[in-house]
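Following the hints, put chain B in place on chain A, whose structure we already have.
Protein chains: 2
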Amino acid sequence: MSEILVVGSLAYDSIQTPSGRAERALGGSANYFSLAASLFAPVRVVGVVGEDYETKNIELLKSRKIDTSGMSIVKGKTFHWEGAYEGDMNEAITKKTELNVFEHFDPTLPEHYRDSEFVFLANISPDLQLKVLSQCKNPKFVGMDTMNFWISSKLNDLKAVLKKVDVVLINEGEAMMLTGAANGIEAAKKVVAMGPKALVVKRGEYGFALYTQDQGFFILPAFPIEKVIDPTGAGDTFAGGFFGYLASLGRVPTTQDLRTACIRGSILASFTIQDFSVNGLTQVSIGALETRTAQYNKVITV
Amino acid sequence: MSEILVVGSLAYDSIQTPSGRAERALGGSANYFSLAASLFAPVRVVGVVGEDYETKNIELLKSRKIDTSGMSIVKGKTFHWEGAYEGDMNEAITKKTELNVFEHFDPTLPEHYRDSEFVFLANISPDLQLKVLSQCKNPKFVGMDTMNFWISSKLNDLKAVLKKVDVVLINEGEAMMLTGAANGIEAAKKVVAMGPKALVVKRGEYGFALYTQDQGFFILPAFPIEKVIDPTGAGDTFAGGFFGYLASLGRVPTTQDLRTACIRGSILASFTIQDFSVNGLTQVSIGALETRTAQYNKVITV
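From first to last, the protein sequence lines stand for chains A and B. Each residue of the first sequence is one higher than the one before, starting from 1 at the first, in the working numbering. Each residue of the second sequence is one higher than the one before, starting from 1 at the first, in the working numbering.
The following block holds chain A by itself, in its conformation from the complex:
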């Protein structure tokens, strides 16, 4: 069992979906990731919030034994994102981004975080991802996420991060944008040629495609969900389940470990989308995850 360090956003999200609306609900990549990963392994979170951040939201993480000593509470307001899903539930339309305290986020790791063996750099500016990585002592396994904004505005820094990580988890559109490829399959090979040993292409309702240098593609669908309430956080939940499972093994992951980890992440994400904010995720027990995994195995087996 290894510890996981995650750096990312801690946010309040206002979200409109065909099922309704959530106003200033708990969100942010580091929250989804931590809650997901903590089902499997100890998590240490790095992030920044404003004075308006509610104590209960920190207590939620603590109740999952997540180490929050790397969270800074600073003067100002918490990062606030407003988005909507209209028709295509695989892609959010951003209505408003108020960076607030996140704008001047300068991650400094507490001393005891620096020997974390598993490190996940969630979607933040690539220069900050590099800064976090430079504070880590010889991690065993490093992963990252990114987004279209960084691909267009900080490509050189992003390329530097790509050379330093073991696995990249991004969505299909981002993989195509990063490589200029015409589809996710072509993109996967091209991303791996940029440095990482492995890439997970997140395909929303269609599941995932893992590509590894040594064994090529591993592709499976998502667990079928009839009623998607709010897809926000599905990708970060995937990454959290993926990393949590790998850290629970404690070893340097094999390709087979990565394949199993994808299924863990994918099934866990199917719970997140069944409710607004982190509500679907926080209710998942290991037992519920096992039950759904058994159902999933029937869905993908002749």
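No lab work stands behind these hints: they were computed from the structure. Quantities reported herein were computed from a predicted structural model and do not represent experimental measurements. Check the hints yourself; a few may be wrong.
Covered by chain B, according to a simulated footprint, are these stretches of chain A (three or more residues, beta-carbon under 8 Å) [what the hints assert, rightly or not]: (1) 173–186; (2) 207–216; (3) 221–235; (4) 254–263.
Straight-line Cα separation of at most 25 Å, DSS-like style, residue types lysine-lysine; simulated pairs [stated by the list, open to error]: (5) A/K131 <-> A/K163; (6) A/K298 <-> B/K190; (7) B/K140 <-> B/K197; (8) A/K298 <-> B/K189; (9) A/K227 <-> B/K140.
Virtual Cβ for every residue (Gly too), placed ideally from N, Cα, C.
Using the frame of chain A, we list chain B on its own:
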């Protein structure tokens, strides 16, 4: 081993894709279906062409032991479709539809076709689908396709066909349009509630979702293809491989047979999209299909 009857279009397609252009190349659902199905079982085709239809295109079917005695050659021009793929390779943009002789297509089955045990009603007007079905004597297994045009213009006839078939094979957008569902998963259940025992939702590059009354969902991805040249005919190839495999078994299909048939159809379709027109499909041997199926099994297995 049972005989398969297929009724559908025999056409010339002019297609623009990012890889290039094909001018008046062989197309039409009945051609793709017949060529695919004939790898596994004997096929009888019903359709109409104009005087401009080239003899070599009929000879191609005959060389695969496809019975073409139900093809009519009538005064006028063959159905011509012009389409383009721009960006999204999962959906064609129709530039021109010249129905020509297809406009007055009135399918009459040769006497020896009427006892066909497997019947596939490709994408033609639902009233013609009903007319073909009424000429069949007690078929063992009936399938159908349709399209957005019939869903909006002939919904009542379409609903009547849905009640008479065992399996529907349509793409995800069509399934959603037909049911008003927000995603393919919700749509699948709703289509099956309209009559058929099973539905195959074709998901383009993301594979397929089979839904059966008795065993629920069976979902798998498509075989990963790095360079898609022309997706035209992929869905009809899927249906042909699916039906061909089932007819080769000869029995009334079990749900497990349907699951295996989906993999057959899906793998076969992956060859069609690697070249323009039927060129990718006609080159596939059973050996090549087996080889790719073995590769596919590695892609979907941990």
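Cross-check of the supplied hints:
Counting residues of the region 173–186 of chain A whose beta carbon lies closer than 8 Å to any beta carbon of chain B gives 5, which meets the minimum of three for the stated coverage. Under the rule that three or more residues need a Cβ within less than 8 Å of chain B, the assignment of the region 207–216 of chain A holds, with 4 such residues. Evaluation of the coverage hint for the region 221–235 of chain A: fulfilled, as 6 residues show C-beta separations to chain B shorter than 8 Å, against a requirement of three. Check on the region 254–263 of chain A: 4 of its residues sit with their Cβ under 8 Å from a Cβ of chain B, so the three-residue criterion for coverage holds.
With a C-alpha separation of about 14 Å, the suggested pair A/K131 and A/K163 falls inside the 25 Å cut-off, and the hint holds. Restraint check: the Cα-Cα separation between A/K298 and B/K190 comes to about 21 Å, which is no more than 25 Å; the hinted pair holds. Pair hint B/K140 plus B/K197 holds up; C-alpha atoms about 13 Å apart against a cutoff of 25 Å. Straight-line distance between C-alpha atoms of A/K298 and B/K189 comes to about 17 Å, which keeps the hinted pair within the 25 Å bound.
Under the criterion of a C-alpha separation no larger than 25 Å, the hint pairing A/K227 with B/K140 is inconsistent with the structure, at around 35 Å.
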